Every structure is written in structure tokens, then in C-alpha cells.
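Q: Sequence:
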Amino acid sequence: MSQRKYFGTDGIRGRANTHPMTAEVALRVGLAAGKLFRTEADRRHLVVIGKDTRLSGYTIEPALVAGFASVGMDVLTFGPVPTPGVAMLTRSMRADLGVMISASHNNYADNGIKLFGPDGYKLSDEIELKIEAMMDEGLGEGLAAAGELGRVKRIDDAQGRYIEIAKQAFPKRLSLKGLRVCIDCANGAGYRVAPTTLFELGAEVCSVGVEPNGVNINADCGSTHPAALADAVKRYRADIGIALDGDADRLIICDEKGQVVDGDQIMALVGMDWARRGLLTGGGVVATVMSNLGLERRLKAEGLTLERTKVGDRYVMERMREGGFNVGGEQSGHIILHDFATTGDGLMAALQVLAVLVESGKPMSELARQFDPVPQRLENVRFTSPAPLDTAGVKAAISEAEGALNGSGRLLVRPSGTEKLIRVMAEGDDEALVRRVVADVSAAVRAAG
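In terms of the working numbering, the sequence shown has 1029 at position 103, counting the first letter as 1, and numbering is strictly consecutive.
For the record, the hints were derived by calculation from the structure and aren't laboratory data. All clues given are correct.
Dumping the calculated DSS-like pairs for lysine-lysine here, alpha-carbon to alpha-carbon at most 27 Å: (1) K1056 to K1236; (2) K1236 to K1321; (3) K1346 to K931; (4) K1288 to K1093.
What you are looking at is a predicted structure, and each value in this text was computed from that prediction instead of being measured.
With the hints as constraints, model all of the structure from the sequences given.
A: Right under this line is the structure:
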């Protein structure tokens, strides 16, 4: 595959107002993607655009709009709405393209651009590379005539449309009445839709992280900072806590004691519940190389498989489509339920957990631990040198670590697709050994710069 210039594992992402996350690059994305997706000369073409609550969204959105309109595409803007909402509305509104402006779980200083095709799925690597090639063409090429410019309109009820779609994922035979649910919306895209959905399904809702100001998205709240949710669950004496990230495409759960439940446990809970009901397709669950070995062992004990992909919910989704799976996700909390959504959806996944909680009549603490995790350690090492993994010192450390694990565990060393980090992960039954190999490899990466 060609070397990527702009796109990473989840769209384009970077520090706001710094290349590549500038208004100029956003304009080029609009121009290039607009030209690529204007497939028929005899009809109007449509793109829909949503965003999270970052201050920099006010610079990225108008630049994208200008690019798309300049090549003759009509534009509908949604304002703050979850990433999965953009995917759903792209399809339901029969748009040619969907765009989400968000850097997901990163802090406010970053932003990103994610693209969805007319089917609501994230674009393939091949299409992203085509867009990249077109982005470097002259800005004045392929523009529409003055009378053929795109028209732009704000859709004020986009959040309400998403809420109605989301509620369909909760079984009609059940209600959340009598349940106290604490929801942390990370001051992000789900700050209105998530509490409203839970309230309309009957829950008593305690909301935190619902006062976005442009710079507090993911700030000591949301799925990447579950301590805030755990404190709120105990403070409000909630039955369950749900934490979303900045664009609401992932979640973390807390039980009523404030104990955190990660994506692996959520996949086990939902996957095995669906299997018991005869709803699970594909014979198992799809996850990434980061998911815990304990999940694989638990599913195997139930006669189910765990298929692994490289990191990125886009790759999980691709494998799910290939193999006919309807449950997949990532340990970090991206949960994809293909019966309802074409990408990770924190709120819809939460509704499936709530359905199991209501129907079982058990406290969340009894449902939270579906398997005993194998000791696993992850360390993120920031780097500045061009290719730290290619140095002799790092290669030697990796070889030595793999020899120490000797088939009794796994070592995974990979660059982040969204930040300048090397992620070093190991797991195995010997916790002390796992800690040692991660420390050794991380030290080698730091030494390499």
C-alpha cells in the first residue's frame, strides 16, 4: 500500500490549527472528496457534516463546507452529534458522503476528520489514498460553475433523529424504569443525546460531563478518565455508570460499586447473551490484537471464536462484514453491533448492557466480570526520532522479550495510528514477567528517541 500522507487509522487527525489539521487541509479534503463522490453529472450530490464540541470545529467545519460547495455538492450540517449518528444519517438521508469532525478521545487541542461512504461505513484505505492524491492538486481545478455551486443548510433536528434510531436498539419488551443510571458524556458530542435517550426509555438519569465549553472535552472525564464516573456512581448511588468519549463512539461501564468494566468484558457480556438468545451471527466475536487472552479463552469455553484484527474499529468492521459477524469491538470500548450500526456506538452498546442488566435482575457487579483477565500491561512511549522500531536496540529488546515469554504470552509493539506514540503491550499468566518485558522494551524505545 502507498505511504499515507494525511490519513491515519481513523481519518485525518492532528493538533488544531497545525498541519495537517488546518482550515486549508480541510478545504482540500472538501474539494477532493467532493470531486471524487460527484459520480453523476445529471443530479445533485449531498454531503452531511457533524462535529463534536471542540472549539476548533468552528474553523474546520466552514472550510469543509466551502470545499464541498465549491465543487457543486449540497451540504447539510448537523452541529454536535455522535460519530455513529453521522454514519446513520448519511445512509438514512441518502447522502453521497458523511463527515465527522472530531479527534475522538483526544483533548481539545487536537481535532480530526472522519469520512463515511453512502452506505454509512468508513471509507476503505484505497478510497482514502485516492482522496489524498487529489488533495495535492491545484485548488482551482474542477470547480463548479457559478450557477452550480452547492447549497448549504443546517439540520436542527439531527440529534432527535439519532435519538429515535438509538432507542430502536433497546428491546421493546423492556423498560429502564426503576433504574438509576449515571452517564458521563465527556463534555462531547453525546452531551444531549445520551441523557435524553436514557430518560425517554424510563431511567432516572444522573448526568456529568454535559457542559461543553469548547476546551473541556475529555478533560478528566469520559471513557478515558473513568475515575470521574466511578465517583459519580458512588455519589448518586447509581445502579450502573456509563462513560462515553468525545465523539460517543466508545464507552466504558462502571458497576454500582464504581468498578470499571472495559470493552473486552462488554463484548463477552453482550456476545454471550446474544448467543444464548440465538441472535449472535458468525459463531463468535471480532476484536483486535489488543484484546485480552482471557476473553478468547472464555468465548472458547462457550464454543465461540474470537477473531483478531489489527487495531482500529474500521478493521474490526471490515472483518465482521466479511465473516457475517454482528458483535465486535476493541478493549478500549469501541463496540460495534452490526444489527444496529455501521461503526462503534457507545450509546447503543450501553443499551445492550442495560438490557442484560434489566432482564437478569442481577446487580451490575455480578455481570461485570465475565472472565478473569490474563495479566496484561500496556505502556505508551512518546517518540521524536523517525523510526524508533527499526533500531538495533529496540529489535534486540523485542527479540529478548519474546524469548522470555516463550509461547506463554503475547508481546505487541506498534506505533499509534493517531499520536506519536509507540504502544508496548504484553500479556501472559506470569504477571511479574509481563511487567518486566514491557519495561525492558519501553526503555529500549525511549533510548532510541
